[in-house]
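Colleague: These are the residues of each chain, in order.
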Amino acid sequence: MPLIDAAGRAFHVQKLGSGPPVVLIHGLVIGNLATWFFGVAPLLARGRSVLLYDQRGHGLSAPADSGFDLATSSADLGDVLAAVEGFDGPVDVMGHSYGGAVALRFGLDAPERVRRIVVLDAPLPPFDPAEVASMMKEVDEDQMRQLIELDHRQFSELAARLAVGRGRRGARKADRARHLREGTTVTADLMSEPAIDAAGLARLSRPVLCVYGSRSPFRARADELAATLPDARVVQLRGGHLLPLECPAEVVRVVEEFLDG
Amino acid sequence: MSETLEVIRGVIEDVVGPEWSVDKPITMETSFGSDLELESIEFVALAEKLQARYEKVDFVRWLSEKELEEIIELKVGDVVTYIDTCR
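Chains as they are written, first to last, in my numbering: chain A, 57 to 317; chain B, 256 to 342.
FYI, nobody ran anything at the bench for these hints, they're computed from the structure.
Careful, some of the hints might be misleading.
What the hints assert, rightly or not - Below, simulated DSS-like cross-link-like pairs (lysine-lysine); rule was C-alpha separation at most 30 Å, straight line:
#: 1; chain 1: B; residue 1: 330; chain 2: A; residue 2: 229
#: 2; chain 1: B; residue 1: 279; chain 2: A; residue 2: 229
#: 3; chain 1: B; residue 1: 304; chain 2: B; residue 2: 279
#: 4; chain 1: B; residue 1: 304; chain 2: B; residue 2: 321
#: 5; chain 1: A; residue 1: 229; chain 2: B; residue 2: 304
#: 6; chain 1: A; residue 1: 229; chain 2: B; residue 2: 321
What the hints assert, rightly or not - Output of the computed footprint for chain A on chain B, the stretches with three or more beta carbons under 8 Å from beta carbons of chain A:
#: 7; region: 286-296
#: 8; region: 299-312
As the list claims (entries may be wrong) - Using C-beta positions, here's what the derived DEER-type ranges look like:
#: 9; chain 1: A; residue 1: 142; chain 2: B; residue 2: 258; range: 34 to 40 Å
#: 10; chain 1: A; residue 1: 259; chain 2: B; residue 2: 279; range: 55 to 61 Å
#: 11; chain 1: B; residue 1: 320; chain 2: A; residue 2: 138; range: 26 to 32 Å
#: 12; chain 1: B; residue 1: 324; chain 2: A; residue 2: 292; range: 23 to 29 Å
#: 13; chain 1: B; residue 1: 336; chain 2: A; residue 2: 75; range: 29 to 35 Å
Here the structure is a predicted model, which is why all the values come from computation and not from measurement.
The beta-carbon is built from N, C-alpha and C at its ideal position, and this holds for glycine as well.
Just chain A, same shape as in the assembly (with noise of 0.2 Å):
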């Protein structure tokens, strides 16, 4: 059942292992459940019930030419558990970039489905451009070796073979990311998105990981969420942006620690 009905609209879905569950949710127009798939996901699925699913107009979920505003993004994410079994009830919520504000999102408008939260590198609304900008960035290839290089010996080759490339798989990326960035809402509703509710963030009576990147472009959102946050846990990991693709054993390991302890 990879496709499944979530309040009327076609979701892309993928579940992994069994235990305590927990919700993933991708970045934007280069994210899509693929960024878990081939690493995160079946390291957290050892020991937990893991749900993948693509946002609406990315991966394999039904196109969109609008509502990537993080109100109905968090609404899809409560249509999309709703509607998977053993994701009813309260959940551990994690999510990269821009799904990482729709985790607290989520976490602001339904506490009562959400055990702990993992924030991944995400910025925080309002964004400026230069934070749309890095969000929806496509990454080449020699940036993505760089990154290796730099600090994964371990990375992943698929991650960097895969998330990038040149010839037919670049075309057919590029196509992708041109279309949602020229045929849909998603720019004007990520630049129109209203701060976040601090308040709301200062009264979150859940557990929430913000897990950072040294390099991150987003690293100083760490230190504010930090200071909001009644329960906030910060790490920083050597890393950019992309850090379940650079490296996901290390993102798995601080997440379990949190989850587990």
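We have chain A already, so just place chain B on it with the hints.
Modeller: Same frame as chain A, now just chain B:
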């Protein structure tokens, strides 16, 4: 000609799409990464379609448990062999 190979060819064409048709014939030696240039989400789609076609094959799990380096080198023939062993 293996029947499984025929099925996999059909699935690959379905996943990659006609506008990106593969210019070389798909054989047991064709590699998913370097020859077909499958993207990661297309790997997932391929796994799901094979799983739907062969109920006994837990292809999604098989793929997700592989070492990343193995997946890069994965050839059509590896998948044919795996499916034929499961049946």
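Colleague: Against each hint, give a clear statement of whether it holds in the structure.
Modeller: Now the hints, each set against the structure:
This hinted pair checks out: residue 330(B) and residue 229(A) have alpha carbons roughly 22 Å apart, not beyond 30 Å. In summary, the hint linking residue 279(B) to residue 229(A) is supported, as the alpha carbons are separated by about 21 Å, within the 30 Å threshold. Annotation: proposed proximity of residue 304(B) to residue 279(B) holds, straight-line Cα distance about 22 Å (limit 30 Å). The suggested pairing of residue 304(B) with residue 321(B) holds, with an alpha-carbon distance near 18 Å, which does not exceed 30 Å.
Restraint check for residue 229(A) and residue 304(B): satisfied, since their Cα atoms lie roughly 21 Å apart, inside the 30 Å limit. Annotation: proposed proximity of residue 229(A) to residue 321(B) holds, straight-line Cα distance about 24 Å (limit 30 Å). Coverage of the region 286-296 of chain B by chain A holds [criterion: at least 3 residues with CB-CB distance below 8 Å; count 6]. Only when three residues or more bring their CB closer than 8 Å to a CB of chain A does the claim for the region 299-312 of chain B stand; here the count is 3, and the claim holds.
Range check, residue 142(A) to residue 258(B): about 36 Å between beta-carbon atoms, so the 34 to 40 Å window is met. Between residue 259(A) and residue 279(B) the beta carbons are some 60 Å apart, a value that agrees with the proposed interval 55 to 61 Å. Distance hint check for residue 320(B) and residue 138(A): the Cβ-Cβ separation is about 29 Å, which falls inside the suggested range of 26 to 32 Å. At roughly 28 Å, the beta-carbon separation of residue 324(B) and residue 292(A) lies within the given 23 to 29 Å, and the hint holds.
Residue 336(B) and residue 75(A) have their C-beta atoms about 31 Å apart, which keeps the hinted 29 to 35 Å range intact.
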